[in-house]
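Peer 1: Chain by chain, the residues:
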Amino acid sequence: MSSASGKNYLNETTGLWSWLTTLDHKRIGILYMIAVMTFFAIGGTFAMLIRWELFSVGKNIMDAKQYNQVMTFHGAIMVFMVIIPGIPAFLGNFILPLQLGAKDVAFPRVNLMSWYCLLTGAGIAFFSLFYNGVDTGWTFYTPYSISTQNGTILMVVGAFIIGFSSILTGLNFIVTVHKLRAPGMSFWRMPLFIWALYSTALLQILATPVLAITLLLLTCERVLGVGIFDPKLGGDPVLFQHFFWFYSHPAVYIMILPAMGVVSELITAFSHKTIFGYKAIALSSVGIAAVSFFVWGHHMFVSGQSEVAGILFSFITMLVGVPTAIKVFNWTATLYRGSVRFDSPLLFALGFLFLFTIGGVTGIILAVVGVDVHFHDTYFVVAHFHYVMVGGTLMAIMGGIYYWFPKMFGRLVNEFWARISFVLIFVGFNVTFFPQFILGAMGMPRRYYDYLPEYQSLNRISSVGAWTIGTGFLIGLGVIIHGMKRGKIAGPNPWGAKTLEWQTSSPPPHENFLVQPVVTAGPYEYR
Amino acid sequence: MSLTGSAPSHFMPPQASQIAVHVDYLYGFLLVASFVSCVMVIGGLIYFAVKYRRKAEDEKTPYISHNSTLEFLWSFIPFLIFMAVFAWGWWVYHEMRTMPTDALEIAVQGQKWSWAFTYKNGRSSGSEFYVPVGQDVRLVMASTDVIHSFYLPAFRTKQDVVPGRYSNIWFKAEQEGDYQVFCAEYCGDQHSGMKAKMHVVSREKYEEWLGSEPYKDLQPVEVGRKVYQSRCVACHNLTDQKNVGPGWKGIFGKMEKLEGGTEVLVDENYLRESILDPNAKIVLGFPRGVMPTQAGQLSEQEIMGVIELIKSLK
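As they're listed, the protein sequences go chains A and B. Numbering (our numbering) for the first sequence: 329 to 855. Numbering (our numbering) for the second sequence: 86 to 399.
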């Protein structure tokens, strides 16, 4: 093993330059980790400011214009720079070739380029702060985004470039999965995380170009005055919403499918039991990805699209519910007669299941068209998508980090503090977002700088919860940094897991495996 | 100020329209079904996790790869439930969106950041408007700038108001009272201030209001105060504090610095120009292009009233 000689991907070469020009998927994964964590800290700070402003009726710390910018930056950073690249580009980059038994991704240079795309796009988006910021919300709805006078163009160009990062990563993963699997690893022997990343990659390369085109059209309209979306120039503002959600609904699954993949790995690894319904989980990822292209109109039930369209979109949305429910049942069934160990990764996986189930059933409520008319654009929707994206995706990211941490850095994190961080995040999350379901039912619209006095008590509870989450993540950051420097040495397979990444040393050598692994069975052979 | 006039029950606003009760039945069913599903899944999860927690490091687990019957059942039963609630939701939506043919029609105009209402007899009204109880009402809505959304929580209904086309919404008010209207589609700085109040009253009271002169026997400054309340309050206030636009107190008679360095005296003509052509002269420190023109929206009497109100705030 390479650990004997002390050489691994972290100390193979040294110096900042060796990191910035690296072609090693593992190092690029770590670069993504640093970028995503930085963006998460910024987006999270904006979230804290939002909850501070909403603590009381009236002005607390900022005026309406500033609030709208903070709200826009929070949304845009979290969606485009944290949740979308979070799992595929960070965890996926590190783990996918290892789980496939490959030396690297298919196109290492493209892989590095996609990281620079993310940084360039993010840099340009942040630069808009020097041009009066952006106050459109992350959705850039026309004609507001055409008429408002500030740095919207910069933010849009930034999102456009970040989109290429996503497309390139997706392309890389698809080719890698098709061409670089270890000998003996058929599609039906791939770990479920790979299936999830593969489905996600399909979405990334098929949907993201639509966003790119839409944002380009928006830029043309703003800069050149070409009438596409603005009714003053003969355009149609609802067309923008169709284009936007044609990308952004599949994007929701770009955010959640990889999280589901992580959870599949965690559940089976920490119950030491083969996954229940492997094929059903694998195919439901592909099924969700396919159906997700035809549900975008459920964001537009009250937009003025035709009633018939609304009913069709409601119907198709229900169909997405089925494969999603299948996954949740399969994970639950996997625990049955397992040998369950409650380490922090499993706690995050269970937290994911708890919160994602609530996010899922409220998704069904919102898909029922006659009910959605009341709930659309209220805090009910805000609560729902935070349950799915934060309760789902972020919990999975945290679980995934703690699960693969020993592989990445060769050390174990401090389990006690990792659990404390989980409890604060989990409890804080529910305290923050559950009251928002009630606020939405009571009729409080979203993106409100100020609200009626009767909404104040629930908003206060929500703000206190947000600060609890913030504390939990700060502790989590401490746990990660401490673990990197002082964690106990982990050894190659501290969890006793079966997938290929655990068969090499921790941290892995530059070429991942010193001896090419050969696969003779499925991924979860706990017998 | 209350959302509805009475306390919300089971966390929903009161059921003030014909459709509200149908929406709430369906929502109630969904809540119960959701609660039961969550308890089953999360309960099962916690139960299995705790019951089968690891007792020894070398424990063996059974190799259970799948169970076709079970998997079919837990796919098919949710599918049936989803189809049922879909069909139920379809029916409610159909009732909600099928426009009655002989409804009372009111034209609604949304612009940053106020609502205005015009009746068939020419009576117009700012942020407070009246409808008779027990009658079908259809709102024909237009926007002059960006997308807004007309939202009546107590009526469980909402529709985006899109520039360049008319959108429709209809309802039948079932109980008298004052009901909150929100803008539900993000529209800029004062999005959360873009509110209106709908008064549901008896037919007699409605007729009386419809035939009344809005400013009868009022002094100009009182007229100005009414206009202020219905159209200006989202962005201006009566103190000397800046909001989106300038506060009105003490500005009359002052010299203001403009974009580009020139100065202007705030007199009647300057105020009139600022109301009718807001971008003609922009005071330093305020953004251009925010205030919409009030030309054609305010009468001469109303413009004079606003000017008198500003003059009175010393």
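Don't take every hint at face value.
Below, in silico cross-link-like pairs of lysine to any residue (SDA-like), each with a Cα-Cα straight-line distance of 20 Å or less [as the list claims (entries may be wrong)]:
#1 K560/A / P331/B
#2 K607/A / V318/B
#3 K387/A / N322/B
#4 K280/B / W823/A
#5 K387/A / Q194/B
#6 K607/A / T848/A
#7 K393/A / V318/B
#8 K396/B / E344/B
#9 K560/A / G249/B
#10 K560/A / S153/B
#11 K826/A / D143/B
#12 K145/B / V710/A
#13 K387/A / P147/B
#14 K393/A / V368/B
#15 K393/A / G278/B
#16 K334/B / S297/B
#17 K387/A / G249/B
#18 K826/A / T154/B
#19 K826/A / Q194/B
#20 K282/B / Q194/B
#21 K387/A / K396/B
#22 K282/B / W823/A
Because the hints were derived from the structure by calculation, they are not lab data.
Peer 1: Among the hints numbered above, which are violated by the structure, and what are their numbers in rising order?
Peer 2: Hints 1, 2, 4, 5, 8, 10, 12, 13, 16, 17, 18, 19, 21, 22 are the ones this structure does not satisfy, whereas the remaining hints hold.
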